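Participant: Starting from the known structure of chain A, arrange chain B on it as the hints suggest.
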Amino acid sequence: MSVDSRIMDALLPLGYEVEHGTYTGDTASTYFTFNYQTLGIDFGDDAPWHERVLVQVHLYSKLNVNLTGLITRVKQQLFEADFTWPDVTDISDDTWRHFEFTCETAQGIVHEAEDETVPADPGTGTPAQNDSPEADGDPAEEGASNGNS
Amino acid sequence: MATLDSSQWDEFALSMSDLANMPVSVLEDMILAEAEVIKEAQSTEAENMLQGPYYAGGVAKAVHINRPRRSGGGVSVTLTFKGSQHGNALGEIAYINEYGKHGQPARPFINTANEKKADTAVEAAAAVFDKYLAEHGL
Numbered sequence: 003m004s005v006d007s008r009i010m011d012a013l014l015p016l017g018y019e020v021e022h023g024t025y026t027g028d029t030a031s032t033y034f035t036f037n038y039q040t041l042g043i044d045f046g047d048d049a050p051w052h053e054r055v056l057v058q059v060h061l062y063s064k065l066n067v068n069l070t071g072l073i074t075r076v077k078q079q080l081f082e083a084d085f086t087w088p089d090v091t092d093i094s095d096d097t098w099r100h101f102e103f104t105c106e107t108a109q110g111i112v113h114e115a116e117d118e119t120v121p122a123d124p125g126t127g128t129p130a131q132n133d134s135p136e137a138d139g140d141p142a143e144e145g146a147s148n149g150n151s
Numbered sequence: 004m005a006t007l008d009s010s011q012w013d014e015f016a017l018s019m020s021d022l023a024n025m026p027v028s029v030l031e032d033m034i035l036a037e038a039e040v041i042k043e044a045q046s047t048e049a050e051n052m053l054q055g056p057y058y059a060g061g062v063a064k065a066v067h068i069n070r071p072r073r074s075g076g077g078v079s080v081t082l083t084f085k086g087s088q089h090g091n092a093l094g095e096i097a098y099i100n101e102y103g104k105h106g107q108p109a110r111p112f113i114n115t116a117n118e119k120k121a122d123t124a125v126e127a128a129a130a131v132f133d134k135y136l137a138e139h140g141l
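If you read the protein sequences in the order shown, they are chains A and B. Sequential numbering of the first sequence, starting at 3, is according to the working numbering. Sequential numbering of the second sequence, starting at 4, is according to the working numbering.
Extracted from the complex, chain A is given alone in its bound form (with noise of 0.2 angstroms):
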């Protein structure tokens, strides 16, 4: 399941709009919206194999709207969707209220397996030979073909 995927499912049973990145509703007194940035780790072989993911969940509300029992919910919906316990910052001013829920979770990276299989010989139905002087091929040609260059 994608982050955004992960996010939504955690936010939306609360029964406020949810968009990634911008709100872009004009109607709404309350709405979520989110953002995120990932960074590769566990290097080896020249890339990464997990990513941590650091989100950023914000609840924008109009002035006058008690959030008192929506934010202790929204750092449990968040908790059990698997990420960390988000971290609380009021960065509210002077029209909307602006709670930023800061967390993070941490997510593998399924690169392209090499293909290490010699394709079948048409013909004959049995795995081609792959001794032939073309079959060397250029060592640049090979690492541009598969996929991890």
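The hints are simulated quantities; they were obtained by calculation from the structure and are not laboratory data. Do not take every clue at face value.
[As the list claims (entries may be wrong)] Below 27 angstroms or equal to it, Euclidean Cα-Cα: the simulated DSS-like pairs (lysine-lysine) are: (1) A/K77 <-> B/K104; (2) B/K119 <-> A/K77; (3) B/K119 <-> B/K64; (4) A/K64 <-> B/K104.
Since we're looking at a predicted model, the values are computed, not measured.
Facilitator: For chain B alone, kept in the frame of chain A given last:
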């Protein structure tokens, strides 16, 4: 039968004493080495993440390392954004970009930079500490 031998305790005690008497300037150099790494990272990340119609590069160039302060037995340093652009303090522009506001998405270049370079910053501080140890034969 294995034999355990303990010697050179006096030298060891002297080394620990030297370490305990390490001047605060070493701590300041360590924290400044970390700050330099983070400053560079925040500038780079600002260049990368804050591109847009109003981008003028001010935030990326404004990262400033303040003088280290001694606090609670340790040393701390803060990074700030100096100057103004479009009539607003660059610190305010950086803040709004970092956290976003109603109608403007967050672009958390500070946190991203800090997280990306946390290990490198610690390594820079460790290099300063190692140099001190080497210079004093510790």
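Participant: So, for every hint listed, does it hold in this structure?
Facilitator: Tested hints:
1. Only pairs whose Cα atoms come within 27 angstroms are accepted, and A/K77 paired with B/K104 is accepted, the gap being roughly 20 angstroms.
2. Our distance criterion of 27 angstroms between C-alpha atoms is met by B/K119 and A/K77, whose separation comes to about 25 angstroms.
3. For the hint pairing B/K119 with B/K64, the CA-to-CA distance comes to about 19 angstroms; that is within 27 angstroms, so the pair holds.
4. The hinted pair formed by A/K64 and B/K104 meets the criterion: a straight-line CA distance of about 13 angstroms does not exceed 27 angstroms.
In this structure, none of the earlier numbered hints is contradicted; all agree with it.
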